[in-house]
Amino acid sequence: MIAQSFQYEAPGTLAEAISMLHKYGEEAKVLSGGHSLIPMMKLRFANPECLIDINGIPGLAHIKEEGGVIKIGALTREAEIEHSDLLKKHFPIFADVTKLIADPQVRNRGTIGGNLAHGDAANDHPAVMLALNATIIATGSDGERSIPIDEFFHGFYMTELQFGEILTEIQIPVPPAGTGSAYHKLERKVGDYATAGVAIQLTLDSKGVCTAAGIGLTNVNPVPLRASRSEKALIGKPITDETIAEAAKYASEDCSPSADLRGSEEYKRAMVAVLVKRMIHKAVERISK
Amino acid sequence: MEITVTVNGEQHTQDVEPRMLLVHFIRENLNLTGTHIGCDTTSCGACTILLDGKSVKSCTILAVQANGKSVRTIESVAGADGHLHPLQEGFKENHGLHCGFCTPGMIMRSIELLENNPNPTEEEIRWGISGNLCRCTGYNNIVKAIEYASAKNRGVEPASTEPQFV
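Those protein sequences? They're chains A and B, same order as listed.
Residue numbers for the first sequence follow the working numbering, beginning at 1 and rising by one.
Residue numbers for the second sequence follow the working numbering, beginning at 1001 and rising by one.
Derived from the structure by calculation, the hints contain no laboratory data.
Even glycine gets a Cβ: it sits at the ideal position worked out from N, Cα and C.
Some clues are possibly wrong.
Pairs of lysine-lysine, DSBU-like flavour, derived with a Cα cap of 30 angstroms [said to hold, decoys possible]:
#1 B/K1069 / A/K23
#2 B/K1069 / A/K89
#3 B/K1152 / A/K99
#4 A/K71 / B/K1069
#5 B/K1054 / A/K99
#6 A/K42 / B/K1054
One side only, chain B facing chain A, incomplete, derived with CB under 7 angstroms [to be verified]:
#7 P1018
#8 T1048
#9 V1056
#10 T1060
Kindly produce the complete structure, drawing on both the sequences and the hints.
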């Protein structure tokens, strides 16, 4: 399959890329890893007149810790996230999620920035970023702008990114001691989109009382969903079978999955409940280690 | 757009349309037909090549994105004298192929797998080739072929190559 004709630009700097976005207007698309965009172009679901390839721009692929914040450059490949010692140290959830994103070849190309900027609730990083309370950094002609993750996803393929802006960095607060995280998605085969996916980060104090909880859901809602009622059901309480059951129940009630080849609405809600329970157990287990 | 790509050590400069896929550039413009097109939808891995040493699916990369980069295909794997690479030998000895359509992709993927992890467990091999589909073998002998190459690379005697019927 071959895409419609388009013009290809490979700017060498971010400023150049942003000015090209302004020059070509809404007909331009940013090309990062390309593993969502190129398939869509081949199927002619997307027909941009111009592709602005940002892969050659230096300074956009990094994983570093600065002032209690982990900063991940938008062009960081999934494979680099999978093997990063810094991320492994603070966030076991990244090893969970990257292993479930497509396959090794795709992870050599796909980027975390592209995964988020695509604005697809079926992608895996959005739920993880909700659980980790990330901040998205967008760069435009007026400089950088911070977008809290809860304000980032607007709808199917729609995000808070404005015309002329490029997602350049993801910032995640380093969690306090006593924090554990976990992600799992139910998938029919390697590389499939989630039937349902759940990302969780929990912090417990020395008495085992939950002081912070982040829960994000994959592919069971038109936009990536924060399970707010589930989080509230855990915060301020010890993690018991009762609080876990309550959090699981709320998540399965508050999502809005649609029936498709992966299962009925009822089945997906049931799987959300199962995964919330399992991921809470896994996150707590990781804290005690 | 004019691009220069080093393929199997040889530089090629050609004028291509931006929409040309890297796999078409390799197969049609350079006539290197060892890289196969299977699904054309980033699923099967038959088109796997090495781009600057990383295994990637060349049906999902534009030829213009390879400008200034180095590509390695299955044609470069055997020695100039026809001497087989340990992976090729492993696939031959272990009956790691039936129809052979997936084999070039399997081998290109396995080259990077063994570079990153010279002594992988069976589970690591199975995850490592999870982006490559084989519709004939059921994978057991492919896994054995990769184990064979891993042993050979490390100077260890490979396990028996008797076919496994599971």
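Status of each hint after checking the structure:
no.	hint	in the structure
1	B/K1069 / A/K23	28 angstroms, holds
2	B/K1069 / A/K89	33 angstroms, violated
3	B/K1152 / A/K99	28 angstroms, holds
4	A/K71 / B/K1069	28 angstroms, holds
5	B/K1054 / A/K99	17 angstroms, holds
6	A/K42 / B/K1054	23 angstroms, holds
7	P1018	4 angstroms, holds
8	T1048	6 angstroms, holds
9	V1056	5 angstroms, holds
10	T1060	5 angstroms, holds
Checked against the numbered hints listed earlier, the structure breaks hint 2 alone; every other hint is satisfied.
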